[in-house]
Amino acid sequence: MTFGERLYELRNKKNLSQEELAEVLDVSRQSISKWENDKAYPEMTRLLFMSDYFDVSLDYLMRGIEKEDNDEKTLEKYKTKNILLVWNNFLSNLSKKQKILFMLLYILIICALVALIISVIYLGGYEIGKFIGYLTK
Numbered sequence: 275m276t277f278g279e280r281l282y283e284l285r286n287k288k289n290l291s292q293e294e295l296a297e298v299l300d301v302s303r304q305s306i307s308k309w310e311n312d313k314a315y316p317e318m319t320r321l322l323f324m325s326d327y328f329d330v331s332l333d334y335l336m337r338g339i340e341k342e343d344n345d346e347k348t349l350e351k352y353k354t355k356n357i358l359l360v361w362n363n364f365l366s367n368l369s370k371k372q373k374i375l376f377m378l379l380y381i382l383i384i385c386a387l388v389a390l391i392i393s394v395i396y397l398g399g400y401e402i403g404k405f406i407g408y409l410t411k
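Count along the sequence shown from 1, then add 274; that gives the number in my numbering.
Hints listed in this document are in silico derivations from the structure and should not be mistaken for laboratory results. Heads up, a few of these hints could be off.
Using C-beta positions, here's what the derived DEER-type ranges look like [said to hold, decoys possible]:
{"id": "1", "residue 1": "ALA389", "residue 2": "SER307", "range": "24 to 32 Å"}
{"id": "2", "residue 1": "ILE381", "residue 2": "ASN289", "range": "50 to 58 Å"}
{"id": "3", "residue 1": "SER307", "residue 2": "SER366", "range": "15 to 23 Å"}
{"id": "4", "residue 1": "LEU382", "residue 2": "TYR352", "range": "29 to 37 Å"}
{"id": "5", "residue 1": "VAL394", "residue 2": "ARG303", "range": "50 to 58 Å"}
{"id": "6", "residue 1": "SER331", "residue 2": "ILE374", "range": "34 to 42 Å"}
{"id": "7", "residue 1": "ALA389", "residue 2": "LEU290", "range": "53 to 61 Å"}
20 Å max Cα-Cα, derived DMTMM-like pairs, lysine to aspartate or glutamate [what the hints assert, rightly or not]:
{"id": "8", "residue 1": "LYS313", "residue 2": "ASP329"}
{"id": "9", "residue 1": "LYS313", "residue 2": "GLU279"}
{"id": "10", "residue 1": "LYS308", "residue 2": "GLU297"}
{"id": "11", "residue 1": "LYS351", "residue 2": "GLU340"}
{"id": "12", "residue 1": "LYS371", "residue 2": "GLU310"}
{"id": "13", "residue 1": "LYS370", "residue 2": "GLU317"}
{"id": "14", "residue 1": "LYS353", "residue 2": "GLU317"}
{"id": "15", "residue 1": "LYS308", "residue 2": "GLU340"}
{"id": "16", "residue 1": "LYS313", "residue 2": "GLU293"}
{"id": "17", "residue 1": "LYS288", "residue 2": "GLU350"}
{"id": "18", "residue 1": "LYS373", "residue 2": "GLU350"}
{"id": "19", "residue 1": "LYS371", "residue 2": "GLU340"}
{"id": "20", "residue 1": "LYS353", "residue 2": "GLU340"}
{"id": "21", "residue 1": "LYS288", "residue 2": "ASP326"}
{"id": "22", "residue 1": "LYS355", "residue 2": "GLU340"}
{"id": "23", "residue 1": "LYS287", "residue 2": "GLU297"}
{"id": "24", "residue 1": "LYS313", "residue 2": "GLU350"}
{"id": "25", "residue 1": "LYS287", "residue 2": "GLU340"}
{"id": "26", "residue 1": "LYS373", "residue 2": "GLU317"}
{"id": "27", "residue 1": "LYS308", "residue 2": "GLU294"}
{"id": "28", "residue 1": "LYS308", "residue 2": "GLU279"}
{"id": "29", "residue 1": "LYS355", "residue 2": "GLU317"}
{"id": "30", "residue 1": "LYS355", "residue 2": "ASP333"}
{"id": "31", "residue 1": "LYS355", "residue 2": "ASP312"}
{"id": "32", "residue 1": "LYS287", "residue 2": "GLU350"}
{"id": "33", "residue 1": "LYS288", "residue 2": "GLU310"}
{"id": "34", "residue 1": "LYS313", "residue 2": "GLU340"}
{"id": "35", "residue 1": "LYS288", "residue 2": "ASP329"}
{"id": "36", "residue 1": "LYS351", "residue 2": "ASP329"}
{"id": "37", "residue 1": "LYS313", "residue 2": "ASP300"}
Virtual Cβ for every residue (Gly too), placed ideally from N, Cα, C.
Could you put the whole structure together from the sequences, leaning on the hints where they help?
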């Protein structure tokens with residue numbers, strides 16, 4: 275069962291129309307339709323609100339997992355997938371201009387880290403060649 279099918283089922287259990295659910299979530303009826311047809315996905319904040327509103331776990335809402343699974347490897351896998359889902363959702367909601375600014379910020383941070391490492395090396399009295407030789411041993 276897909277996310278859209280679960281959302282449709284949960285909405286019908288509460289006897290809500292798409293319009294009524296849209297009002298509760300402060301979105302358009304078309305957004306609800308897209309979500310139910312798996313054409314788009316809601317933002318993470320709305321997913322969290324929906325899990326509370328429908329009294330289901332986020333795991334159930336997104337993956338259909340109904341019971342708690344305490345296996346550490348499984349939990350770690352879900353955490354990783356949730357992080358990737360949030361990251362993907364974040365990136366997909368950025369405009370083209372915001373994506374370019376985000377990439378520039380990322381590059382700037384990398385350059386700053388490289389500059390910091392180089393300055394620490396020189397302030398520490400290391401020659402860059404010796405330091406790189408030390409790292410490759």
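Tell me the hint numbers this structure goes against, listed in increasing order.
1, 8, 12, 15, 17, 18, 19, 24, 32, 34, 36
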